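**Q** Letter by letter, the chains look like this.
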Amino acid sequence: MRFVLPALLFACSTPPEEPPPIRGAAPAGTPYEPTFRRLTESQYRHAIADLFAVPGEPSDGTAIVLPANLEPDVAVDELLSLGSAVTTISPYGVEQYETAAFQVAEQVLGDPASWAHLVPCTPTAVRDDACARQVLEPLGLRVWRRPLTVAELDALVDLAGTSAETLGSFEEGLEYPLALLLQSPYFLYRVEIGENGFFTDYELASRLSFFLWDTVPDAALLEAAAAGELTTETGLAVQVDRMLADDRARAGLRNLFTDLYKLYRLDRISKDPAIFNAYSPELKASAREETLLGIEHLVFERDASYRELFTTRITFLDRGLAALYGVKAPARDGFGGVQLPEELGRAGVLGHASLLMLEAHAVSSSVTKRGVFVRTNLLCQEIPPPPADVDTSIPEPSPDAPTMRERVAVHLQEPVCAGCHRLTDPIGLGLENFDGIGAWRESENGAQIDASGDLEGYTFTTPVGLGHAIANHENLGKCLVDRLFATAVGRSPGRGDPLLEWHEEGFENEGQRVLWLLRDLVMSPAFRQVGEVR
Amino acid sequence: MNRRTLLRGVLGGTAVGLGLPLLDCMLDTNGTALASGGALPVRFGLFFWGNGVVPDQWVPEGTGTGWVASPELAPLDPLRSVITVVSGMSMRLPNIHPHSSGAAGILSGAPVLVDNPSSFSAPSIDQIIAAEVGGNTLYRSLQTASTDISGLSFNGPNSKNPAESDPYALYERLFGPTFVEPGGTAVVDPRLGLRRSVLDAVMGDITTLQGRLGASDRTRLDQHLTGVRELETRLARLQEDPTDLEACVSPDAPLPSFPDLEGRPQLQERNRAMAKLLAMACACDQTRVFGHYFTEPINDVLFTGASAGHHDLTHNEPGSQPEVHAITVQCMEAYAAFVEEFQAIPEGGATLLDSCAILGATEHSLGRTHSVDDLPLLIAGSACGQIVNGVHHRGVGQDNVSKVALTLVRACGVLLPTFGVDDAQTSDGLSEIEV
Chain Y
1 MRFVLPALLF
11 ACSTPPEEPP
21 PIRGAAPAGT
31 PYEPTFRRLT
41 ESQYRHAIAD
51 LFAVPGEPSD
61 GTAIVLPANL
71 EPDVAVDELL
81 SLGSAVTTIS
91 PYGVEQYETA
101 AFQVAEQVLG
111 DPASWAHLVP
121 CTPTAVRDDA
131 CARQVLEPLG
141 LRVWRRPLTV
151 AELDALVDLA
161 GTSAETLGSF
171 EEGLEYPLAL
181 LLQSPYFLYR
191 VEIGENGFFT
201 DYELASRLSF
211 FLWDTVPDAA
221 LLEAAAAGEL
231 TTETGLAVQV
241 DRMLADDRAR
251 AGLRNLFTDL
261 YKLYRLDRIS
271 KDPAIFNAYS
281 PELKASAREE
291 TLLGIEHLVF
301 ERDASYRELF
311 TTRITFLDRG
321 LAALYGVKAP
331 ARDGFGGVQL
341 PEELGRAGVL
351 GHASLLMLEA
361 HAVSSSVTKR
371 GVFVRTNLLC
381 QEIPPPPADV
391 DTSIPEPSPD
401 APTMRERVAV
411 HLQEPVCAGC
421 HRLTDPIGLG
431 LENFDGIGAW
441 RESENGAQID
451 ASGDLEGYTF
461 TTPVGLGHAI
471 ANHENLGKCL
481 VDRLFATAVG
491 RSPGRGDPLL
501 EWHEEGFENE
511 GQRVLWLLRD
521 LVMSPAFRQV
531 GEVR
Chain R
1001 MNRRTLLRGV
1011 LGGTAVGLGL
1021 PLLDCMLDTN
1031 GTALASGGAL
1041 PVRFGLFFWG
1051 NGVVPDQWVP
1061 EGTGTGWVAS
1071 PELAPLDPLR
1081 SVITVVSGMS
1091 MRLPNIHPHS
1101 SGAAGILSGA
1111 PVLVDNPSSF
1121 SAPSIDQIIA
1131 AEVGGNTLYR
1141 SLQTASTDIS
1151 GLSFNGPNSK
1161 NPAESDPYAL
1171 YERLFGPTFV
1181 EPGGTAVVDP
1191 RLGLRRSVLD
1201 AVMGDITTLQ
1211 GRLGASDRTR
1221 LDQHLTGVRE
1231 LETRLARLQE
1241 DPTDLEACVS
1251 PDAPLPSFPD
1261 LEGRPQLQER
1271 NRAMAKLLAM
1281 ACACDQTRVF
1291 GHYFTEPIND
1301 VLFTGASAGH
1311 HDLTHNEPGS
1321 QPEVHAITVQ
1331 CMEAYAAFVE
1341 EFQAIPEGGA
1351 TLLDSCAILG
1361 ATEHSLGRTH
1371 SVDDLPLLIA
1381 GSACGQIVNG
1391 VHHRGVGQDN
1401 VSKVALTLVR
1411 ACGVLLPTFG
1421 VDDAQTSDGL
1431 SEIEV
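For the protein sequence lines, the chains are Y and R, in the order given. Read the first sequence against the numbering used here and you will find it ends at 534, with the numbers running on by one and no gaps. Read the second sequence against the numbering used here and you will find it ends at 1435, with the numbers running on by one and no gaps.
Among the hints, a few may not be true.
Listed next, with one range per pair, are the computed distances between beta-carbon atoms [what the hints assert, rightly or not]:
| # | chain 1 | residue 1 | chain 2 | residue 2 | range |
| --- | --- | --- | --- | --- | --- |
| 1 | Y | Glu532 | R | Thr1304 | 53 to 63 Å |
| 2 | Y | Asp129 | R | Ala1337 | 50 to 60 Å |
| 3 | Y | Arg441 | R | Gly1319 | 40 to 50 Å |
Simulated from the structure, these hints should not be mistaken for laboratory data. If you're wondering where the values come from, they're calculated on a predicted model, not measured in any experiment. Every residue, glycine too, gets a C-beta built ideally from N, C-alpha and C.
Model the full assembly from the supplied sequences, consistent with the hints where possible.
**A** Take a look at the structure:
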């Protein structure tokens, strides 16, 4: 589902320039050790949908039903993508993979259109090794993202044969090699080890597709790998440009920002409907979609600076969000693009209900949570945990302290608290015009809310002003580079890595355009070279 | 045989590797054992709730058998003869990460990981026990929750056993089509054998791949291999006739869903549904180890009657915190309801609970300050007569909480010389609650 904005919204944007094919030489860096990442739940679901999509039929991921529960992903250093490189799978998770594998196999092999697509031959007997081989060789390549060895293919064909004989059916017999392909570590993990210090063509195909598309390589990418093109500069560039122009790059971008902003947490928060009348569980899903559509629009439709994500009044609303924000719904059904009126006082992603309700309590806003989010996830500044054994309570509202500003003043006076709260609370206070689900308010307990403050010397008086302060913060662009670099290579980059700094400078010089950055990162030596296995 | 004497002798010397048989309830109170002639196993359970208590409302007056239920322990008063209350114990490691350090220290005796504070650095108590006794049953352990959370069961660093929070999904897993009641015969299905062949091949792939990976990734795949091997063993057992267990019957299916009501989760209902299933899983000897997470550390759950989320209230409710107190009472009601489901199943002339030790724990005492002193702890069941029930033990001088864990680990038949690391390490159990 894509949304076309009214033409007036584009009046101020310039058409995107073609990025230069290859930029100057990268500084020498120490290659990162190989990673061994398990597919995230999102990648697993995308992979199944893409692997078994039938040409000519909708491939929106609804075709194949998967179990509701798979092993949950864990964030490490704030990213699920980094957690996937260090966490293990539990016995229950293994069991869930087995259930899912057979569930997929049964659906895929039981559907006539899907069968016709996967099985190019007519079996001549219950056991027909030649026909099984014709099915499993191309399927194995796509599922494992590399050609199968002779021994691997022989074993799969034999499993198909013995299963068919046991069950008296060629069709049912195929379920077992298919379930094996889907339970094997060659599918569930990304085996990226490299040869002679460089990732191989097939490894690069996987790295590209999971980073840019959040799914498995398509046929064209595997063909490019087979032809040895991905290990050449120009061959790689051709594929990267093709991939970034493909709709799947939107799914990839949505995944990157869902991880970066931890939007997946929206599934787990709850709000008190007695306090927030406008709240409903559906509002959470709408709020997430607003943010993802906004990012998609900024990156793909406008190719605009990342800074603008924090200042733009363009956004995408459905009826529920429009009512929450106090504007006319831009579309009768679903989402529509809208430019929020300036007098509304709401702009940028920090005016989105998604982040405002995530960084809040069940019944109220939270200046500290909002401040920690901006510092940690947008500016990559480390905020230590609060010391234990300290009374963390703040005073109740009172005539002397009606708004949060007066109440959290105690944080800023206690020396043990002030060190960190001086960093977080002034940011959160700048967003106090938004309540715990993101609705606007002028006052709290009868007193006018004062949203003024300053961020590293940049003063502001409103939430919109805070957005500009963040947009102009020197860490904003660097932080995005750091986080996307980490996701691309599967490891937190070392501070002072000359390659990281090279990408940071490039991003800044190129006007903080995210598409440019994605391309720059996958063309990078950091993405193509690999250190020794330890 | 005096088991404790034997353990002491062993642990005092060097023969830690001595193969003591899995501790079973040798005989029931009537001098008979199970209908099948076997002995009852000891079961370990954890019931965890998040965000602590209001200590001056939780700690009971009086010690020994004469304790008087405090306001927060009132829901447990009817169960006093089958529970043990422990207070006055301390988590002795640095309390660096509020909530996380306490949870890891109490449940594993070790700190959280430096580079990932959401993970323990050592196995949690349930997995220490499961590693020894879990191989005897279909499931090494079961992990469940009353809210949509992943729990605190760790095999080691970055290796969690996530909890199931959907009672119906747990029911399907344990008592679905593959379940056969005692006295029945295993279903003959060639598909089980084929699924096992697939798993054998998966194990082959894992082993081959391990040779190409670095040490830490090999270890990660070891964990994967363990999971596949357990599943393969489970499929093999499904092909065998079930053991004759007197207390094992197929339970009723729980409700298919427990939607929030008025924006508040149906915690108590989910809790009871999970307890019924876990109790029957034990009675059917599908597992001997479980962890149940009523709520988790830092949870901001909207409890019935509360004006804000739990965590929010622990920090921001002024004065004596009547709302936090009321929530703690609800947590204790949940523990009581949980334990009652084990007590409701007769087994070996007594109840299922008698063979259990169900540790009730939370990550700290007073939520407002994250204090890890004077920790609230509960044990339900006597682990086949090894734990003194009916008493309140109050530790002196902020005694080491690891002693409680070591007592429980040993009661479950695991010969562990010490529990915990650094200042949390102990080689002694809490002898005052050991029979």
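**Q** Next step is simple, just say for each hint if it's right about the structure.
**A** Here is how each hint holds up against the structure:
At roughly 57 Å, the beta carbons of Glu532/Y and Thr1304/R sit within the given window of 53 to 63 Å. One distance hint, 50 to 60 Å for the beta-carbon pair Asp129/Y and Ala1337/R, holds here, with the actual separation near 58 Å. At about 27 Å, the CB distance of Arg441/Y to Gly1319/R disagrees with the hint of 40 to 50 Å.
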